[in-house]
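Number of protein chains: 2
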Amino acid sequence: MNDVVTDPITENDRSWEEVVRVANEGSVEELSELLDSMSVAEQAYVFSHMEDDAEAVVLRRLPAEDAADLIGHFNESEAARMIQLLESQAAATILQEMPIDEQADVIGDLPEKEAEAILQELPQQNADNVRELTAYPDNVAGGMMVVEMLRFRSEMTVAEVIDEINRGAEHYTDLDVRYAYVCDDEGRLVGVLPMQNLLFVKRYRKLGEIMIKDPLSVRTTAPLEELAEFFESHVYLGVPVVDDDGVLKGVLHREAVQYEEVRAAENDYLKSQGIVGGEELRTMPVWLRSRRRLSWLSINIFLNLGAAAVIAYFQETLESVIALAVFLPIISDMSGCSGNQAVAVSMRELSLGIIRPTEFFRVWWKEFTVGLINGSVLGGLIAVVAVLFDGNPYLGVVVGVALCLNTLIAVSIGGVVPLLLKRFGFDPAVASGPLLTTVTDMCGFFLVLGLATVMLSRLT
Amino acid sequence: MNDVVTDPITENDRSWEEVVRVANEGSVEELSELLDSMSVAEQAYVFSHMEDDAEAVVLRRLPAEDAADLIGHFNESEAARMIQLLESQAAATILQEMPIDEQADVIGDLPEKEAEAILQELPQQNADNVRELTAYPDNVAGGMMVVEMLRFRSEMTVAEVIDEINRGAEHYTDLDVRYAYVCDDEGRLVGVLPMQNLLFVKRYRKLGEIMIKDPLSVRTTAPLEELAEFFESHVYLGVPVVDDDGVLKGVLHREAVQYEEVRAAENDYLKSQGIVGGEELRTMPVWLRSRRRLSWLSINIFLNLGAAAVIAYFQETLESVIALAVFLPIISDMSGCSGNQAVAVSMRELSLGIIRPTEFFRVWWKEFTVGLINGSVLGGLIAVVAVLFDGNPYLGVVVGVALCLNTLIAVSIGGVVPLLLKRFGFDPAVASGPLLTTVTDMCGFFLVLGLATVMLSRLT
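Sequences listed follow chains A and B, in order.
In terms of UniProt numbering, the first sequence is numbered consecutively and its last residue is 460.
In terms of UniProt numbering, the second sequence is numbered consecutively and its last residue is 460.
Everything labelled a hint here was simulated from the structure, so no lab data went into it.
Be careful, since some hints might not be right.
As the list claims (entries may be wrong) - Sample of chain B residues facing chain A (criterion: CB under 10 Å; computed from the structure):
1) ARG151
2) ASP185
3) GLY187
4) ARG188
5) ALA323
6) LEU372
7) THR460
Backbone N, C-alpha and C define an ideal beta-carbon position, used for all residues, glycine too.
Assemble the whole structure, with the sequences as input and the hints as a guide.
Right under this line is the structure:
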């Protein structure tokens, strides 16, 4: 089904010129109001279309809290790009208004030098917290958790807790206060306490007596797949995150895991298309975009030479039967298409957990049967085309048999390669495509030209 | 960064043989217990590895409620496959235990005949509700909403509402009861009522007086992008869904939108790899998988013939300078890689809403600058290779200039094509790739062979 074309912004367009004008001529209140009146999508659109200088003016003029809100709406790479427009002190002032985990997301996306400069400007405790968080990869619990939460020691009484909450009421309203977490003197998680329970118990009781003991938790190092599985199997909206010693480090919300799942799926798509050096947006500098894309392209051109070498090896055959040159790119492209389909299905089944990275034979057999049908159909089609084109039935046999066999090879490799890569710790989304293309091109060219060499007397 | 290899299942493996054994020899209780003890991932793995007959035995032996729970854990295509293993009456008995929206998801994934047979077996009201829901596409509010909710008329008093809730307590505990929705006599949404407010008001008051009036709502036809934007801009966990007349049709939860976002991103990846006829899992029958893949491949083979025709047109040039045949597949593949990178960035920017489908020129210019750098580098590289391979500097000039120019063409087309397709209501994830490949192949072959024809005297 085609996506419905919708552009809810168009009807109510506010051009970036208006934001620039108000930033330069209006009051701070007008600027805040104008930005507040925009949807998140409008803000993202406007800031991706403004000149860098104009963006910096807006960020500098806004109260730090409003600027933090604004930047918090954008995805991490866009937020990092905007923060880099400011001097490190101004950047630090804005970042301080964000929750620690969001600070870490943005700072983690900055080049090391810029990140360090901003960390220097942050208060020591804040900087240390950010440093601890940026050490975790984005796709493990430590990289997705929030670190601000209600955390109390088990000897505290209900009265003490209520007192503390009341004193910090302003701060706590920003947090997800469904649960409080109870720790021992070493900071180890020993219990959780649904907040509403505080209302139903005597005020002199200690948390250690009324908490739910031995609560479920996940490790800081738990990977996305395990966390997705956790939230699929449990109805909780959040789960405490602990380190190897059981010390409470943060809280992971269901929503953060879902957000990361969207990102992982989007990244798989980007990587399969050759965007592998990190997110690219056209607001980034040309040299950076060019360099990242080239790193991928240069590996591919090198791999392509391998396939070209096969053609070079059979140059004499090609010279005798020049019609073969017309069919080489078709064989290469069609095998690539068939193989990519098999790659995609393996990636899907791996992500659903319904195949394991060790089930080579099962996957190969399931691909072989489909490849046999599709190879025969495609081989038959191309054979007919070759005979119509050249008049020589043997040319049809050569290209038809070659495409049929190479389809079988392509789906076999395409199905199994993602499992192998995964099994040995590589990222199948990045590496499957080029590996597949190289091998199927080499095999395809070898099959066409090898068969032609054997049947050369019939072809000329 | 490489994905961490984790396979939480392996340590605690329960082979599908055990499930089959217990299904055949154990009691119903043992079977329920065994399945209950498995994580969702284990269940998915086990049922994708059992024989169809064995799966059917398990589903028939389980109490309908447990079978519904089990099937509810799987994704829609897998659930639909399992339901098809049963006679329509048994299938209907199980489906009835699911919420209406899940029933609709599964039935919507069945072939029309099977779907109709099951609908016949469902109670009339239930079947009508399912029919209404299956009419919505998956990616609009109507296709994602739940239809079971607390809904009261505005003339009702608080006492009547509390009474009704108490009578249906068992049913209501399954629902998300944070809000009740208030409708007029025609079913039009007129207010919402946070449930806890019922506790603080006099029991004789009418809902119309105490509800929040004119609540936010979304249309049944609102597309995914608009809904994602809604939940980005508002903190609510759910929003009422109304039809064009304002009649309350269901409630849309934030989680359902996020789930659909994951699915959309996964589908973009699958479609870009040529899985376009609907989800494919290797548990599906070979003929179905083969047919769906072939529909895509046969379009591609046809498009490939266009590019091959360009080579055929220049056959004489090729015959004179056979070394050109070695470089044709490289030009084709490298241009495809460069173009796909541009496609991916456009898809990403479209999904982030930071470009609009009308901004051809902006996107083209941003691509042109990168293409100029990358084309020069790649063209230079391939020129050096050609000279080393053949010894003739003019061959280097021909393939180098051709690859440079064709890289510019590829990134221009790759950047703009997704916008054009989107603008005119086509799905850019499906169609961008083949369109791009065909045009860049034709241009690439034309450039190499055309240049070679012009410089033929220098090349031979």
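Status of each hint after checking the structure:
1. Evaluation of the ARG151 of chain B hint against chain A yields a violated restraint, the C-beta minimum of about 23 Å exceeding 10 Å.
2. Given hint, ASP185 of chain B at the interface with chain A, is violated; its Cβ is 32 Å from that chain's nearest Cβ, farther than 10 Å.
3. With its C-beta approaching chain A no nearer than about 26 Å, GLY187 of chain B sits outside the 10 Å limit, and its interface hint is violated.
4. For ARG188 of chain B, the interface hint is violated, the least distance from its beta-carbon to any beta-carbon of chain A being 23 Å, above 10 Å.
5. Below 10 Å, beta-carbon pairs count as interface contacts, and ALA323 of chain B has one with chain A at about 8 Å; its hint therefore holds.
6. Proximity of LEU372 of chain B to chain A holds as hinted, the smallest CB-CB distance being about 9 Å (cut-off 10 Å).
7. Checking THR460 of chain B against chain A by beta carbon gives a least distance of about 13 Å; that is not within 10 Å, so the hint is violated.
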